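Please build the complete structure, drawing on both the sequences and the hints.
Okay, here's what each chain looks like letter by letter:
2 protein chains.
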Amino acid sequence: MVGLIISGGRVALTELKECIKHLEGLEEDFLLLGVDKGIEALDLLGRRPDLVMGDFDSVDPEVLRRYQDGEVHRFQAEKDMTDTHIAFDYLRERGCKDVLLFGGTGTRWDHSLANMFLALQYEEMRIRLIDDKNLMELYVHSNETGRYRFEKCSRLTGAVYSYLSIVPTEETLIHKTIGLKYPLEEAILSPFDSYGVSNEMIGEEGEIIIGGGRGFLIQSKD
Amino acid sequence: MVGLIISGGRVALTELKECIKHLEGLEEDFLLLGVDKGIEALDLLGRRPDLVMGDFDSVDPEVLRRYQDGEVHRFQAEKDMTDTHIAFDYLRERGCKDVLLFGGTGTRWDHSLANMFLALQYEEMRIRLIDDKNLMELYVHSNETGRYRFEKCSRLTGAVYSYLSIVPTEETLIHKTIGLKYPLEEAILSPFDSYGVSNEMIGEEGEIIIGGGRGFLIQSKD
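Quick mapping for you: the protein sequence lines, in order, are chains A and B. Position 27 of the first sequence, counting from 1, maps to 27 under my numbering, and the rest follow consecutively. Position 2 of the second sequence, counting from 1, maps to 2 under my numbering, and the rest follow consecutively.
Simulated from the structure, these hints should not be mistaken for lab results. Just so it is clear, the structure is predicted and the values come from calculations on it, not from any experiment. Treat each hint with caution, since some may be false.
When the alpha-carbon atoms are kept at most 25 angstroms apart in a straight line, the in silico PhoX-like pairs for lysine-lysine are as follows [stated by the list, open to error]:
#1 B:21 / A:133
#2 B:133 / B:21
#3 A:181 / B:79
#4 B:79 / A:176
#5 B:79 / A:133
#6 B:133 / A:79
#7 A:21 / A:152
#8 A:221 / B:133
The structure is reproduced here in structure tokens:
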């Protein structure tokens with residue numbers, strides 16, 4: 001099952017709409033989670049969330065009222081975990097293996113970084129963060145090999161991404177890249193290294209084969 | 001000496017203008033580095049950079065021409081280091097102890113993260129990143145204690161920051177916080193922990209005393 005979390009940051013409506021259409025086309029089972037102000041984005045698209053959660057301190061009460069008869073998880077405003085953290089935990093408990101987070105980033109760097117970093121802590125789930133310019137996938141590998149395939153024209157979001165970057169938060173072994181302008185082979189990237197930034201897709205598809213490490217794979221529009 | 005790097009991301013012009021005014025008021029010696037498209041921001045403010053650097057693939061050639069008679073560091077477009085990386089190295093060589101980076105972040109997550117992470121690698125310099133919503137300071141401590149003081153109304157940028165977050169990239173010991181809504185004392189934050197996110201300034205000033213670790217201290221407007 002795919003979990004779509006719509007959080008209270010800047011939500012890329014065009015990409016979200018495409019993404020829902022894509023999942024419906026695949027007849028993939030998915031769960032729409034509206035988190036606090038993120039509920040408004042779903043409401044704008046005319047999509048009913050399967051579940052709403054949050055302390056509801058930022059969502060328009062008028063909008064929230066429309067979904068009160070469905071499943072509601074209400075938290076206290078002063079809590080140690082962020083809303084997105086609670087949403088990730090919830091999806092893990094539901095056995096969700098694939099998570100797409102919209103509105104996880106915005107103008108505040110603390111929230112944006114916290115959500116990106118948080119996603120690094122869920123080894124058992126595939127997590128992707130999406131905004132109007134970027135499609136970010138998290139990689140976490142102890143030693144086993146991971147293959148990551150990329151499309152220049154993403155079927156998931158409908159957007160065209162010309163750039164592909166590797167931003168490691170732990171030492172990372174890249175076995176090989178395929179279809180990238182600056183190829184890497186058996187390369188070791190140090191934590192926080194900028195060496196893997198701003199690579200480019202040559203054709204329609206690319207691949208990165210990772211031998212170990214942890215960090216971010218980021219597709220960008222321009 | 002203070003080094004002001006103006007890079008090619010989204011430059012907060014209001015904060016940049018205030019910042020230059022503030023440094024001039026202090027009669028502080030500072031160096032204005034225009035990096036590639038960042039030169040345009042300085043040009044808009046009518047400020048002549050002390051030095052321009054970059055591969056100059058993104059700056060308007062018309063603007064660049066105005067500064068060709070000054071100090072120019074031109075690099076090849078296809079290089080292993082980012083422009084900002086070269087600028088940091090240059091300032092370190094010049095013996096600069098205090099760096100302010102404008103335009104280090106923008107819509108592309110790969111560049112934004114790479115610049116934030118890069119700054120973690122310069123233990124000997126105090127580095128701050130500024131945009132129109134955030135003022136981020138990097139902390140790097142092996143074991144010695146560091147004291148960080150914060151103003152709600154920043155004299156540096158002229159902006160009002162209500163929130164203050166600690167986002168660690170390494171295990172971090174917080175000895176104490178002063179003037180924050182949710183106080184911390186002898187608290188250990190794990191790497192990438194979101195526990196320290198979205199604290200709030202109670203009064204006009206606050207302080208964080210760090211015993212060891214590495215990461216980001218982020219002041220945000222809202």
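Outcome of the hint check:
1. B:21 / A:133: The given pair, whose Cα atoms are some 34 angstroms apart, is violated under the 25 angstroms limit.
2. B:133 / B:21: holds (19 angstroms)
3. A:181 / B:79: holds (13 angstroms)
4. B:79 / A:176: holds (20 angstroms)
5. B:79 / A:133: holds (24 angstroms)
6. B:133 / A:79: With Cα atoms ~24 angstroms apart, residue 133 (chain B) and residue 79 (chain A) stay inside 25 angstroms; holds.
7. A:21 / A:152: Roughly 19 angstroms between the alpha carbons, so the hint for residue 21 (chain A) and residue 152 (chain A) holds.
8. A:221 / B:133: Answer holds: residue 221 (chain A) to residue 133 (chain B) is near 23 angstroms, not above 25 angstroms.
Consistency note: the structure conflicts with earlier hint 1 alone.
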